[in-house]
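Now for the letters of each chain:
There are 4 protein chains.
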Amino acid sequence: MANQKVVLAYSGGLDTSVAVKWLQDQGYSVVACCLDVGEGKDLAFIKEKALTVGAVASYVIDAKEEFANDYALVALQSHALYEGKYPLVSALSRPLIAKKLVEVAEKEGAVAVAHGCTGKGNDQVRFEVSINALNPNLKVLAPVREWGWSREEEIEYAKQNGVPIPINLDSPFSIDQNLWGRSCECGVLEDPWAAPPEEAYDLTLSLENTPDVSDVVEIEFSKGIPVALNGTAYSLADLILKLNEVAGKHGVGRIDHVENRLVGIKSREIYECPGAITLIKAHKELEDLTLVKEVAHFKPVIEKKMTEIIYDGLWFSPITKALQAFLLETQKHVTGTVRVKLFKGHAIVEGRKSPYSLYDEKLATYTSDDEFDHSAAVGFINLWGLPTKVQSMVQNAKKVTV
Amino acid sequence: MANQKVVLAYSGGLDTSVAVKWLQDQGYSVVACCLDVGEGKDLAFIKEKALTVGAVASYVIDAKEEFANDYALVALQSHALYEGKYPLVSALSRPLIAKKLVEVAEKEGAVAVAHGCTGKGNDQVRFEVSINALNPNLKVLAPVREWGWSREEEIEYAKQNGVPIPINLDSPFSIDQNLWGRSCECGVLEDPWAAPPEEAYDLTLSLENTPDVSDVVEIEFSKGIPVALNGTAYSLADLILKLNEVAGKHGVGRIDHVENRLVGIKSREIYECPGAITLIKAHKELEDLTLVKEVAHFKPVIEKKMTEIIYDGLWFSPITKALQAFLLETQKHVTGTVRVKLFKGHAIVEGRKSPYSLYDEKLATYTSDDEFDHSAAVGFINLWGLPTKVQSMVQNAKKVTV
Amino acid sequence: MANQKVVLAYSGGLDTSVAVKWLQDQGYSVVACCLDVGEGKDLAFIKEKALTVGAVASYVIDAKEEFANDYALVALQSHALYEGKYPLVSALSRPLIAKKLVEVAEKEGAVAVAHGCTGKGNDQVRFEVSINALNPNLKVLAPVREWGWSREEEIEYAKQNGVPIPINLDSPFSIDQNLWGRSCECGVLEDPWAAPPEEAYDLTLSLENTPDVSDVVEIEFSKGIPVALNGTAYSLADLILKLNEVAGKHGVGRIDHVENRLVGIKSREIYECPGAITLIKAHKELEDLTLVKEVAHFKPVIEKKMTEIIYDGLWFSPITKALQAFLLETQKHVTGTVRVKLFKGHAIVEGRKSPYSLYDEKLATYTSDDEFDHSAAVGFINLWGLPTKVQSMVQNAKKVTV
Amino acid sequence: MANQKVVLAYSGGLDTSVAVKWLQDQGYSVVACCLDVGEGKDLAFIKEKALTVGAVASYVIDAKEEFANDYALVALQSHALYEGKYPLVSALSRPLIAKKLVEVAEKEGAVAVAHGCTGKGNDQVRFEVSINALNPNLKVLAPVREWGWSREEEIEYAKQNGVPIPINLDSPFSIDQNLWGRSCECGVLEDPWAAPPEEAYDLTLSLENTPDVSDVVEIEFSKGIPVALNGTAYSLADLILKLNEVAGKHGVGRIDHVENRLVGIKSREIYECPGAITLIKAHKELEDLTLVKEVAHFKPVIEKKMTEIIYDGLWFSPITKALQAFLLETQKHVTGTVRVKLFKGHAIVEGRKSPYSLYDEKLATYTSDDEFDHSAAVGFINLWGLPTKVQSMVQNAKKVTV
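Chains as they are written, first to last, in the UniProt record's numbering: chain A, 1 to 402; chain B, 1 to 402; chain C, 1 to 402; chain D, 1 to 402.
Check the hints yourself; a few may be wrong.
To be verified - DSS-like, lysine-lysine: derived pairs with alpha carbons at most 30 angstroms apart:
| hint | chain 1 | residue 1 | chain 2 | residue 2 |
| --- | --- | --- | --- | --- |
| 1 | B | K281 | B | K139 |
| 2 | C | K321 | D | K85 |
| 3 | B | K85 | C | K41 |
| 4 | A | K100 | A | K41 |
| 5 | D | K305 | B | K284 |
| 6 | D | K281 | D | K223 |
| 7 | C | K362 | C | K321 |
| 8 | C | K321 | A | K305 |
| 9 | D | K341 | C | K284 |
| 10 | D | K341 | D | K281 |
| 11 | C | K305 | C | K321 |
| 12 | C | K85 | A | K332 |
| 13 | C | K281 | C | K321 |
| 14 | B | K321 | B | K362 |
| 15 | B | K223 | B | K242 |
| 16 | C | K341 | D | K100 |
| 17 | A | K284 | D | K305 |
| 18 | C | K281 | A | K305 |
| 19 | D | K305 | C | K284 |
| 20 | B | K321 | A | K305 |
| 21 | D | K139 | D | K85 |
| 22 | B | K299 | B | K281 |
| 23 | A | K223 | C | K284 |
| 24 | C | K321 | A | K321 |
| 25 | D | K100 | D | K47 |
| 26 | C | K284 | C | K85 |
These aren't lab readings, by the way, just hints derived from the structure by calculation.
This is chain A alone, in the form it adopts within the complex (with noise of 0.2 angstroms):
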């Protein structure tokens, strides 16, 4: 009788090659599954890599488009930072990794899904609970987590099992990537006293070695949606990709960030997010010029929900398209271009237009073409100041002569 088979989230790295063959001491026929989400994997290299480790199948997927459309763009009009900082790196890609594991286990016929990650960390919250909403006949194994080997144990095994052990073994940081940024941890960050090693980064350059030259770039928008760079369309993922590429060069997009997990411990995390963070705020000021006050004072509540959603791994709830509802409805009039300076680790919004600016010249201008009413300010004021006034006068007992 033939072994059941379990879809695997290969990397192609140490962990889940050591999973492969794990998995194979319990059972099962395993099948490799490895997305390209934007971190510029080799892909081909992956595919066969799993197939020697003993994968039965394997996958590759270059998921970038479908990464950019359906998750960094609901990032992007969130102003997703979750703790005001962190551009939801890996936050993002679980759930689209969960539905293509799920997609390949119905497909395959395969009776569990596995994933790599560890016992404290957010990302088996995000695997789990995906799988779990998107098919839960489907079993969730986290061989990492089980085995609770050490490093050492871990090669061991890896030796025995002619599992080949990578050459960069030694790096001193846990690295997950994709086109929305880069998260590095561990090593000497667990320190938060100690300034984070140049060595850390990798998709920007430190601001000493930032050219003394800026770039500017024009970013188009249509309805909220970054269509083009100086002129030139792109596809979503194109354009992000792009602007990791320049804005990262002028060091933007570096974030040191001391968060609290979704398991109750708080972490040091360095983050590098050009594109996104360039991104994030040329469209931040696009909305200042074309959102009403109304729209624009409560979308940051609707943002940190979302934040906070897709943070906790919940992106499979109904509330996510809830909340997706509203930020598309709000996206109706995001049409314009930002001019981005791109220097010495800052994107500097310069210049913002739109079609349908609600900034009115003629009611802002202190000049002679003012046509804004001020008398109307002395009503306003009166009944504006007015609950004030009466509980100052009832509750403060200040004598008030009539």
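With chain A held as given, fit chains B, C and D onto it using these hints.
Structure of chains B, C and D alone, referenced to chain A:
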């Protein structure tokens, strides 16, 4: 019979100097009152000038420390950035100025208070609501709003009434400043597509002119209050002014904002807040280390409300005290040191430490010192994802086999 | 040359009848426009009366279904209760009336629209903001606010101008009504310590006079819309009117509220909303059964915002559509039946069922059918409580032995 | 060598009596601890029974006043209704019980604390998070969750170990009670379509059996604290118990709720809270009179957070104190008297008065005493509606002639 007295918020500029005369024309005796809230005014000169143009008395008040401790500190602990960008420069000083005007008015037996705001800004609202709250018996006059003159008409009146015309009258900008920052509007800034000209700035160097060597400052906080720089204790006002200087030299704190005014229009404003931005970033990082997750995730709701209340001129509404009570309670353990690198327009937090740090290396580490219970995650994920799983089973009509 | 036209919101009462004459005095031709939004007006009589008092044209519009489907339904799905109490009776009809006035004005080529509100209520704001949003070219007139007459002066003017004086002019109350409810203010109600007199009510029986036998109704919802009562399908307007009748008979939906008006004062109002209250309660219970926790806990934030936006006259702000998009998404599975016992002023939900119920007896039960994984709780609690535990260890200085 | 001690939360019922024996089997000496938080327990009997079934010591603590003043009062001032319905009965007492258990454990030198909760309720979370926060050195045991017996197995163990079987063991319900109310679950209640049977209730009469004559009570509040009933001063615990009696007689406070538990499932619960519901209604009405609009509209955000924090077992998180600080500040002028008619299941507020009332008849009236400035509304509306008007002009492409 003697004229009734009015206390005028006097700046020494053309508008309020003309207002002295204009108020006299209305039959008032004018008591001038000028505050220094950190903009570095020549108080002696202003005091004299008020008398010269006709005031019957002239008060000058150094309110820097009161402003720092009772107003700027609230903004700092609230991480107050209106619409995510504006650190409430003028909005913060208005209630204090109103308070001092009312105190002088009560001392002088005045029947009215006057300010020099026009009819389309936020400050008229802030002044009038504050004055009404503090003493509802006082009448509030707004000469500039009331006379409705063009610039030319005002100058003509000044000439005819012996009011000296300042030599820098041609400045294209309208400026306000205090120790929390400097605001600048008008002129070329009224086109939101145009980059602000260099002459719009005064407190900060342009990135192109900042030094190529960074300054590193260690800011020490005690219960959320900045108390020392690089080991030297300062009063809060002095500390902020000191930081304005060093951070300004590195170009920190330039802000270019298209904002929604309370009076219903969008305007484009330039702000410079080198000290404020540096302190807000440093304070937030210390909170990231010392606030428990529930507080860290809810405090932004309080911060947003506080920011809007202050912006909207409602400082003396009872809501402010209630929000402050919340804030104060959260600051008990916000004690420690933050190391900030000032460089090329950035205030980069490189390290943070606290005796009350909730970052626990033993829990966060991926080394063998790990004390985190990895197996707990299994149960956690099971319950955390249960609502989403049940929802999916029932409402997404996924066939489930038990 | 013909007079310019104004479209007047005409009710048939004294104020708007006098307004016809008064507007003529100002040089307008008056087009009267009266809507039935469920208050059971005699439209034929009102149409005729408008012409009698001098209108050049008279429109009467049965807008009950449009009001029910496009306005009351939003309030229902928002569980809209301003300040936790007031179901937005008048606030809901004003935008619809404004919309119809603007449509008539555009059809008639009128240059202005007029309403009969005074200067201290909320309705003037709702009318004027709505009309400005729908057609900023139209001038808005408020005759009653403008003429500033006492009751006696108004009656005198009416007599001199042949405007008939209604016989029930001595009513001590000011009433507004539509199918979502009835509001009543003024007179003895202005003392908040006094109980409302029985004659302030009209749609509901007093508890003392309600039947001693309950009625039980089964309300069927489809995607959040009430579609049937006791198995009989109704249009939404008819269903609400039907419920007003039966729930009113049982005294359901009396509300006595001291509320904060938009214009800065507190007022005391009496409302009767038998159908609205019954439907809101039933709808909430069906949501309790069918909404996943994350949606159930966040939707109140949307509801509160929607309620305040509507109360504050901002129906035609883009925020409304964005909030509605959120709402709509949440209603997809709010399908099912709620059994309500109407008795002694109560609408008691006794039972609720849905094909999309997320209540899972197998998980909830304490019998041997229990499928809940009890052991999962251990890990859940461990991580759920971890931040509080670490905080306590570090910041409460509890001595801990490891 | 003596056994280590465990302090057990002891109720006198079967589960915790069996737990005494079971903990002894695990090698512990058991110290029983029973609190009266207003449920009217026979403490002497319970104290004795604990010793009878084998406890080495037995504490009974009358914690009614502490519960009323430090816990129920917070719920009252928060108008705490979880999911709009549940007044936090059990959720409120758990942190206090945990506190007392920890105090006894520290006094007795115990190494552990034990509670009788199962693995699928909220109370296990509340107990364990609280105990961990108060003394992280104490181990927490959950015998009932751990033994995992069926009812029959438990009874068999009891018989074999000489634990007396209560005579009312066949009760189909699981009950918890304190002075803030009574909860009831299980049995027939597990079908949400079925109406709760009359025997599920104990504190309230059914509507059918309530008196035909109302009781009217005047509740006096001082700074948000209820201090007297009908002119007679009571301690808070006594006042609540008194109200439970009189409001219960009139059938006030029955609640039937399908709620989202923290542990991820929906459950159906019946609550009776006659005193709590009456006090919450009365307190809210006094706030309606005495809180300024900004506070009244923001306080619900604090209330919702406080309610969820308490429900979710996080009472001892620092967030609670910060929320309480906000609350406390808002209660300064919540002083006055509320007249409540108790009748047919209703607590109807008929009148409210306060020396700090912000309701100003001179501003609110429509009589000739009116002091409101009607003309102010024109300017107010102009600016209030300006953003919506500009948005409409620009983005709705309405042709506008100037």
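Going through the hints against the structure:
no., hint, in the structure
1, B/K281 x B/K139, "violated (41 angstroms)"
2, C/K321 x D/K85, "holds (29 angstroms)"
3, B/K85 x C/K41, "violated (52 angstroms)"
4, A/K100 x A/K41, "holds (17 angstroms)"
5, D/K305 x B/K284, "holds (22 angstroms)"
6, D/K281 x D/K223, "holds (16 angstroms)"
7, C/K362 x C/K321, "violated (39 angstroms)"
8, C/K321 x A/K305, "holds (19 angstroms)"
9, D/K341 x C/K284, "holds (27 angstroms)"
10, D/K341 x D/K281, "holds (11 angstroms)"
11, C/K305 x C/K321, "holds (12 angstroms)"
12, C/K85 x A/K332, "violated (34 angstroms)"
13, C/K281 x C/K321, "holds (24 angstroms)"
14, B/K321 x B/K362, "violated (39 angstroms)"
15, B/K223 x B/K242, "holds (21 angstroms)"
16, C/K341 x D/K100, "violated (43 angstroms)"
17, A/K284 x D/K305, "holds (28 angstroms)"
18, C/K281 x A/K305, "holds (26 angstroms)"
19, D/K305 x C/K284, "holds (20 angstroms)"
20, B/K321 x A/K305, "holds (27 angstroms)"
21, D/K139 x D/K85, "violated (34 angstroms)"
22, B/K299 x B/K281, "holds (15 angstroms)"
23, A/K223 x C/K284, "violated (34 angstroms)"
24, C/K321 x A/K321, "holds (16 angstroms)"
25, D/K100 x D/K47, "holds (16 angstroms)"
26, C/K284 x C/K85, "holds (15 angstroms)"
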